[in-house]
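Asks: Let chain H serve as the given structure and place chain U on it in line with the hints.
In the order they appear, the protein sequences are chains H and U.
Quick note on the numbering used here: the first sequence kicks off at 1 and runs consecutively.
Quick note on the numbering used here: the second sequence kicks off at 1001 and runs consecutively.
If you are wondering where the hints come from, they were derived from the structure by calculation, not from laboratory data.
Do not take every clue at face value.
Pairs of lysine to aspartate or glutamate, EDC-like flavour, derived with a Cα cap of 20 Å [stated by the list, open to error]:
(1) H/268 <-> U/1094
(2) U/1055 <-> U/1099
(3) U/1119 <-> U/1099
(4) H/351 <-> U/1177
(5) U/1195 <-> U/1217
(6) H/188 <-> U/1237
(7) H/268 <-> U/1091
(8) H/351 <-> U/1075
(9) U/1227 <-> U/1248
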Amino acid sequence: MESLLHSVQGFIYPDELQLQWSILIVLYPFITGLVAGAFILASLERVFNVEAVKPTYRLALLTALAFMIVAPLPLQLHLGHPERSFEMYLTPHTTSAMAMFGFVYLWYLMAVLVLEIWLDFRKDIVLTARASKGAKRALYRAMALWSDNISERSLRIDDKVGKFITIVGIPSAFLLHGYVGFIFGSVKANPWWSSPLMPVVFIFSAMVSGIALVMLMYQAVNWYRKTAVQMSCLDTIARYLLYAFIIDFSLEMLDLVHRIYEADESFKTLDFMVHTKLYFSQIILQIFVGTLVPIGLLALVQLVSVRERARRIIYGASGVLTLVGIFAMRWNVVIGGQLFSKSLLGYTTYKMGFATREGLLPALILLLLPFAILYLLVKLLPPWPEGDLARKE
Amino acid sequence: MDSDRREFMKIAGAYVVLTGAASLAWNHIVAGEPEKAPGYDLSGHWWAMTIDIDKCIGCGNCVRACKAENGVLLEPDCFRTWVERYHVHPEDPEHPQVDSPNGGYDGFKEKYKPGDGSKNFFVPKMCNHCAHSPCVQVCPVGATFESPDGVVLVDKTYCLGCRYCVQACPYGCRYIDPRTETVDKCSLCYHRITKGLTTACCETCPTGARKLGDLKDPKDPIHDFLKEHMIHVLKPEMATGAKAYYNDLDGSVR
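Here chain H stands alone, though its shape is the one from the complex:
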């Protein structure tokens, strides 16, 4: 507490000494963004029939599900009373943006993701159940909801319903992440957050991060399984990433230019913060390393002809940098929004613990957890056509 008091610059209200929302709340928009982005990429193939990205369709869906399962965990860990969180379902306060989280989450998880994955994998599940014995058979029978029907007609219905769900799913993915942006953008007390652009910026940054993640996962999975990457698929994903990135960056710059030009009463305070406390995470990490460099790299591939091996390296590098940049963006929104006083007269400092409840260690575990879940999901529902359990057996 003493050291915190000494780190205060200028005047802050007493309750602003310690940050209310920690790195765990940085993870929340980061993870939901990955979910929404990965799903939107998967939907492209299904709804708009983009054949080139087909090899990533199932992987993207499972990736989205793995991250979706983890999405509420940082929130739970952050709550003072996680045991009361179920009250949000029982007695939601209808004027609260946050109260709707549970419903949007459940809708997206159960009605969209799980259902779409189930319909898409149903044939494989039934075939696996037929071909296996004992506990495994019981498990897959249960996963197929004890149905054995994979007739032509039933599969056609699966496909139709699946397509319908994908069409519903796209606005749902937008809703999921736009809504996360609204949680911040609607706080009028905080000039760093309060902006109608916030939900839109969140949606496009979500697409950017989700596409980058799937692009990396596709390469990583192929490297791990020693299978060939389809360059046409990778090139298409990289192109989408570039387009989404350009829109995202334009929106963020629009926000920035608007703030600079309007220069309202909060501007000097925020400007000082960006040039001091947020300089590294905002200017260096988010804008330069995490946005301009990957945009430049991805654009380079479009402008000049680059050999396949070099392209793969460029895609890998720009994917990693993109994720770093989007994480920095979430950090700058969540943490940056609490470093200055609402009196606009001073600044505080974020001291992150390590092995504390809201420290770096649980944050890292929560970031790695989706990959562990994805590993299990992939074991359960192999997303690759040639490695398909059912087809092999």
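Replies: Same frame as chain H, now just chain U:
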């Protein structure tokens, strides 16, 4: 015997009708009501506070009384009310020098010499008990609510500790009580005012700078005070319907 049977039927009936979620919800509806005092009419009051900047001497009595009365932790970030000292150069009102050592709990040591051409004054701060509270708006479960008599209260048995309300309050009036992991704030000494007493801060203010007022009571002197003084609320641009009315509030105050 007959009444026993009737009683049994009532209880059994309630169990059957109000099962599961319904009985839970009913409990919460009952729990959501503000504290009641005998003879206190919730609809007969609309509480507000007047703060006279010209009268505040920065003694810190209000801060100490509030902490003692409400069991507020003696930590430097736990305050239901605190006092800020402003030092403003008239030609540069945008950059006031403000301090609030330990929230004004120990009073203020003399820091500025009189006659240096600056304005110096104290600003007591507390929950504004807004009529359109952004904190109430954002609470995901309705644990914080506006009572019918105009006081913003917190149900600590219901608060999740999500801290959204702390973010939403433009005035910095909410903090997390580390003992309960729930939010805490000024309750306008609800346990006192519903019994006809004034708040602890008003009770102990030696100059009468802070006064509790009932806007629904036509005889309350608050009406004259609001009529006879130049009144301002904090951050009026936030449109929160703040009910902490300041007399002679300088434009530099945030």
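Asks: None of the hints should be skipped; say for each whether it holds.
Replies: Each hint, compared with the structure:
Distance check on the hinted pair: residue 268 of chain H and residue 1094 of chain U sit about 11 Å apart at the alpha-carbon level, within 20 Å; holds. Straight-line distance between C-alpha atoms of residue 1055 of chain U and residue 1099 of chain U comes to about 19 Å, which keeps the hinted pair within the 20 Å bound. Between the alpha carbons of residue 1119 of chain U and residue 1099 of chain U the distance comes to roughly 14 Å, so the proposed pair stays at or under 20 Å and holds. Taking the CA atoms of residue 351 of chain H and residue 1177 of chain U, the gap is about 19 Å. The hint holds against a cut of 20 Å.
Between the alpha carbons of residue 1195 of chain U and residue 1217 of chain U the distance comes to roughly 16 Å, so the proposed pair stays at or under 20 Å and holds. Restraint check for residue 188 of chain H and residue 1237 of chain U: satisfied, since their Cα atoms lie roughly 10 Å apart, inside the 20 Å limit. Taking the CA atoms of residue 268 of chain H and residue 1091 of chain U, the gap is about 18 Å. The hint holds against a cut of 20 Å. For the given pair, residue 351 of chain H sits about 18 Å from residue 1075 of chain U by alpha-carbon distance, which is consistent with the 20 Å threshold.
Between residue 1227 of chain U and residue 1248 of chain U the CA atoms are separated by roughly 13 Å; this keeps the pair inside 20 Å, and the hint holds.
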